[in-house]
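Chains as they are written, first to last, in my numbering: chain A, 1 to 547; chain B, 1 to 102; chain C, 1 to 224.
Hints were generated in silico from the structure; no laboratory data involved.
Virtual Cβ for every residue (Gly too), placed ideally from N, Cα, C.
Take the hints with a grain of salt, since some may be wrong.
[Unchecked claim] With a cut-off of at most 27 Å between alpha-carbon atoms, the simulated DSSO-like pairs for lysine-lysine come out as follows:
1) B:LYS10 x C:LYS98
2) A:LYS12 x A:LYS114
3) A:LYS494 x A:LYS425
4) A:LYS425 x A:LYS343
5) A:LYS425 x A:LYS11
6) A:LYS12 x A:LYS417
7) A:LYS11 x C:LYS13
8) A:LYS114 x C:LYS13
9) A:LYS114 x C:LYS93
10) A:LYS12 x C:LYS98
11) A:LYS425 x A:LYS12
12) A:LYS417 x A:LYS343
13) C:LYS93 x B:LYS10
14) A:LYS11 x A:LYS417
15) C:LYS93 x B:LYS68
16) B:LYS68 x B:LYS10
17) C:LYS13 x C:LYS118
[To be verified] Stretch by stretch, here's where chain B covers chain C in the computed footprint (C-beta under 8 Å, at least three residues):
18) 30 to 37
19) 151 to 157
What follows is the residue order along each chain.
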Amino acid sequence: METAIQTTEPKKNYLNAEYGVMSWLLTTDHKRIALLYLGSITAFFFLGGFFAMLIRLELLTPAGDLVLSDTYNKLFTMHGVVMIFLFLIPSVPAVFGNFLVPMMIGAKDLAFPKLNLASWYIFIIGAGFILYAIVTGGLDTGWTFYTPYSTTYSNSNVVAAALGVFITGFSSIFTGLNIMVTVHRMRAPGLTWRRLPLFIWAHYATSVIMVLGTPVLAITIVLVALERLFHFGIFDARLGGDPLLFQHLFWFYSHPAVYIMILPTMGVMSEVIACFSRKRPFGYDFIAMSSVAIAVLGFLVWAHHMYVAGISTYAAMIFSLLTFFVAIPSAVKVFNWTATLYKGSITFETPMLYAFAFIGLFTIGGLTGVFLGAVGIDLHVTDTYFVVAHFHYVMVGGAVTGFMCALHFWWPKMTGKMYPEAFAKLSAVLVFVGFNLTFFPQFLLGYMGMPRRYHAYPPEFQVLNVLSTAGASILAVGFLMPMIYFAWSLRYGKDAGPNPYNAAGLEWQTSSPPTTFNFEETPVVTSEAYNYDEIDGTTQKGVEVAG
Amino acid sequence: MSEHAHPTVKTFIAVWAALLVLTALTVFVATLDLGPFNAIVALTIATVKALLVMLFFMELRYSTALTKVAVISAVFFLFLLVGLTLSDYLTRGWSAYFNPFR
Amino acid sequence: MPDSEIAVQHNLKHHFADLEQQRETSTFGMWLFLVTEIMFFGGMFATYLIYRLSYYNAWVAGSQTMEIQLGAINTAVLICSSLTMVLAVHFAKLGNRKLTTLCLILTLVLGLSFLGIKGVEYHGHWVHHEVPGLNFHFEHEGNYDPRQVMIFFSLYFAMTGMHAVHMIIGAGLLTWLLIANGRGRFTPEYNTPVEMVGLYWHFVDLVWIYLFPLLYLISHHHNG
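From just these sequences and the hints, can you work out the full model?
Below is the structure:
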């Protein structure tokens with residue numbers, strides 16, 4: 001490579017540029033803010049996992065004998081609220097988006113660094129309200145806050161939790177705003193839209209959803225809080241309102257929200273699969289356009305969560321048809337990733353193991369989503385464990401797997417250290433086995449009629465529930481192991497060097513860890529993205545440093 | 001200093017005057033009985049006022065195409081929210097035995 | 001016009017190539033924020049519109065108790081404040097500190113007047129027992145369901161209340177601009193904050209432009 005990048009690590013990087021707690025709490029460096037998010041969301045992931053553990057323990061036996069039914073309501077509510085709002089929504093964009101977007105486009109930071117820091121503080125304050133709601137008695141409305149239970153009848157901490165969700169929503173909005181403006185205005189010279197990494201396309205599309213959808217959730221949850229405090233009646237039939245209007249407003253955001261959770265990981269997949277097949281992603285234009293299509297079409301399908309709530313049959317049919325359409329761009333991506341693998345030089349490092357897991361598990365989750373989109377099927381399996389299995393396949397088998405994939409792929413870049421490959425592969429296998437053992441039985445349970453959100457069930461469902469709980473224990477081990485070996489790698493891990501995987505992309509042209517301002521000189525991009533043929537060939541003409 | 005044109009003070013005052021006139025007009029029209037057209041006229045006048053503010057006071061007329069697309073997208077998605085929600089409310093009265101296409 | 005050394009030194013952030021890129025980025029960022037505000041208020045407008053279709057008589061009854069003169073005056077007040085805001089930006093771009101200060105003060109005064117008049121209106125609603133959840137008791141001619149009128153007033157207070165919150169934030173932003181301008185912060189080369197607050201202020205005016213006819217003018221004529 002004919003650039004002036006040093007091959008030995010410079011002494012100063014973003015981690016050791018300044019020391020002290022305040023240098024972290026007042027940082028405007030997008031990379032440090034990414035790590036602040038990483039620490040926080042990891043803690044919240046294990047909190048959500050703790051609630052999951054209690055749920056699975058209760059469901060070991062048919063009788064509701066571990067906790068009271070009211071407590072169980074709080075457990076699944078807090079599991080959902082914490083996992084969705086405090087882990088999944090921020091996860092990839094706030095950690096890897098923050099860290100990588102500027103670097104991948106050759107910028108020194110995001111467009112609004114102080115807003116970025118404010119985003120994290122807003123996230124923490126919102127999380128504080130939610131934690132307050134947990135410790136002062138919990139929330140039992142379900143993460144979906146359906147009215148009039150949440151506005152009138154629940155005796156739990158609805159207002160505090162609603163405020164918490166409202167506030168974290170703004171964190172999400174500001175992160176999306178920052179990424180959108182950055183991608184539009186701060187690309188390096190020569191970096192046209194069609195030379196952008198697909199990771200950027202995915203995060204751009206996600207940001208569009210965050211900016212357009214989250215405010216509607218914000219105002220809806222404000223109305224719920226106001227209704228609870230002042231007995232307005234907007235969503236309460238007893239007072240002349242319509243509970244379904246709440247559901248329309250809620251799902252208008254919450255359906256696109258699931259695309260916020262999955263799109264960034266799809267961007268990760270394009271990067272990782274390309275790197276470990278040593279090939280440009282097949283159908284780059286299609287993958288890029290499909291991200292935009294998912295963002296737009298995702299706003300058109302929300303009432304498929306409401307088929308049995310009381311909406312008109314005709315509306316249900318319209319939304320069902322639109323739901324079938326939204327599956328198409330996701331399928332396009334899966335086909336293109338598979339075609340990328342074809343005739344690639346495939347190696348099986350840990351990120352690639354997670355990528356394979358993602359393709360399989362997301363496909364199952366996505367297809368079962370199409371089943372649920374058909375009104376006739378949904379009438380039978382809605383509010384059963386079939387739905388629970390579906391969304392855990394896409395959210396855990398898809399989004400969490402994608403997060404772990406990204407963590408392993410870019411850990412060397414973020415920390416300068418390699419993790420122990422053998423342990424990492426082992427935990428990836430444990431996650432895959434544990435996950436399937438946990439959630440596949442739930443498809444069967446739901447099909448056989450076991451309802452969701454119930455703490456007790458008929459005895460004939462016990463065997464599958466026991467299998468599910470057993471799988472959850474394995475899954476837990478699979479998630480705990482990385483905590484240990486990543487920590488270990490910080491001290492004892494091998495030095496990674498700038499590009500341990502020989503990957504394409506501007507972020508790999510910096511040191512590991514990068515310096516505070518990423519690039520001393522703004523790079524000038526002259527080749528297409530994913531120039532693996534050049535990288536693996538004898539001459540490398542990827543990037544020239546402007547000088 | 002930016003490259004694009006700016007409205008002059010004269011333009012600003014003209015827009016301001018137009019906004020005040022339109023406000024008086026909409027109050028006046030509301031006192032008449034136009035049946036369903038009351039709402040249409042009121043919203044049309046409001047939209048004209050909004051466009052005046054956006055195009056001239058907020059200089060949207062002189063902004064980049066990207067900015068215009070962003071604003072139009074927001075309005076479009078709002079229409080989606082209202083429109084698709086209405087597809088539920090307006091068809092709830094229909095039953096399986098009522099053929100709306102007859 | 002090339003950026004002067006001093007302007008660049010004081011105002012150019014390290015991650016931008018020049019002041020022009022910085023200004024364009026800020027402008028696009030503020031417009032995107034306003035897009036989120038459109039969706040934010042839009043949720044309430046959507047709720048209002050859907051209920052209006054089903055509960056029209058109640059909407060008429062509620063609207064007829066609004067004080068249309070106060071609403072119209074407030075509309076005019078906001079329109080004038082938008083003019084003074086736009087002039088403040090204009091003079092900031094010309095580097096005229098005194099006139100910028102004058103226009104900012106006028107905008108602030110007009111904005112606070114709006115809030116004062118709104119306060120008078122709210123007081124009137126309180127006196128007439130039209131505040132849901134606190135003292136709601138509605139009596140008015142017409143063929144409507146009283147529960148539905150309470151929903152009208154709930155939305156009235158939610159929408160105008162949220163609008164007022166945004167005005168208060170705007171007043172805070174104007175105060176910050178006045179202080180910064182007083183310190184000579186804004187020059188013909190660097191006046192982006194004034195422009196950005198201007199965009200925000202005009203947006204708040206926009207919301208009111210729609211709130212006024214929807215809440216006050218539904219059917220202000222009535223035939224008995």
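Hints and how they fare:
no. : hint                : result
1   : B:LYS10 x C:LYS98   : 20 Å, holds
2   : A:LYS12 x A:LYS114  : 23 Å, holds
3   : A:LYS494 x A:LYS425 : 17 Å, holds
4   : A:LYS425 x A:LYS343 : 24 Å, holds
5   : A:LYS425 x A:LYS11  : 31 Å, violated
6   : A:LYS12 x A:LYS417  : 15 Å, holds
7   : A:LYS11 x C:LYS13   : 25 Å, holds
8   : A:LYS114 x C:LYS13  : 11 Å, holds
9   : A:LYS114 x C:LYS93  : 25 Å, holds
10  : A:LYS12 x C:LYS98   : 47 Å, violated
11  : A:LYS425 x A:LYS12  : 32 Å, violated
12  : A:LYS417 x A:LYS343 : 31 Å, violated
13  : C:LYS93 x B:LYS10   : 16 Å, holds
14  : A:LYS11 x A:LYS417  : 15 Å, holds
15  : C:LYS93 x B:LYS68   : 23 Å, holds
16  : B:LYS68 x B:LYS10   : 24 Å, holds
17  : C:LYS13 x C:LYS118  : 40 Å, violated
18  : 30 to 37            : holds (count 4)
19  : 151 to 157          : violated (count 0)
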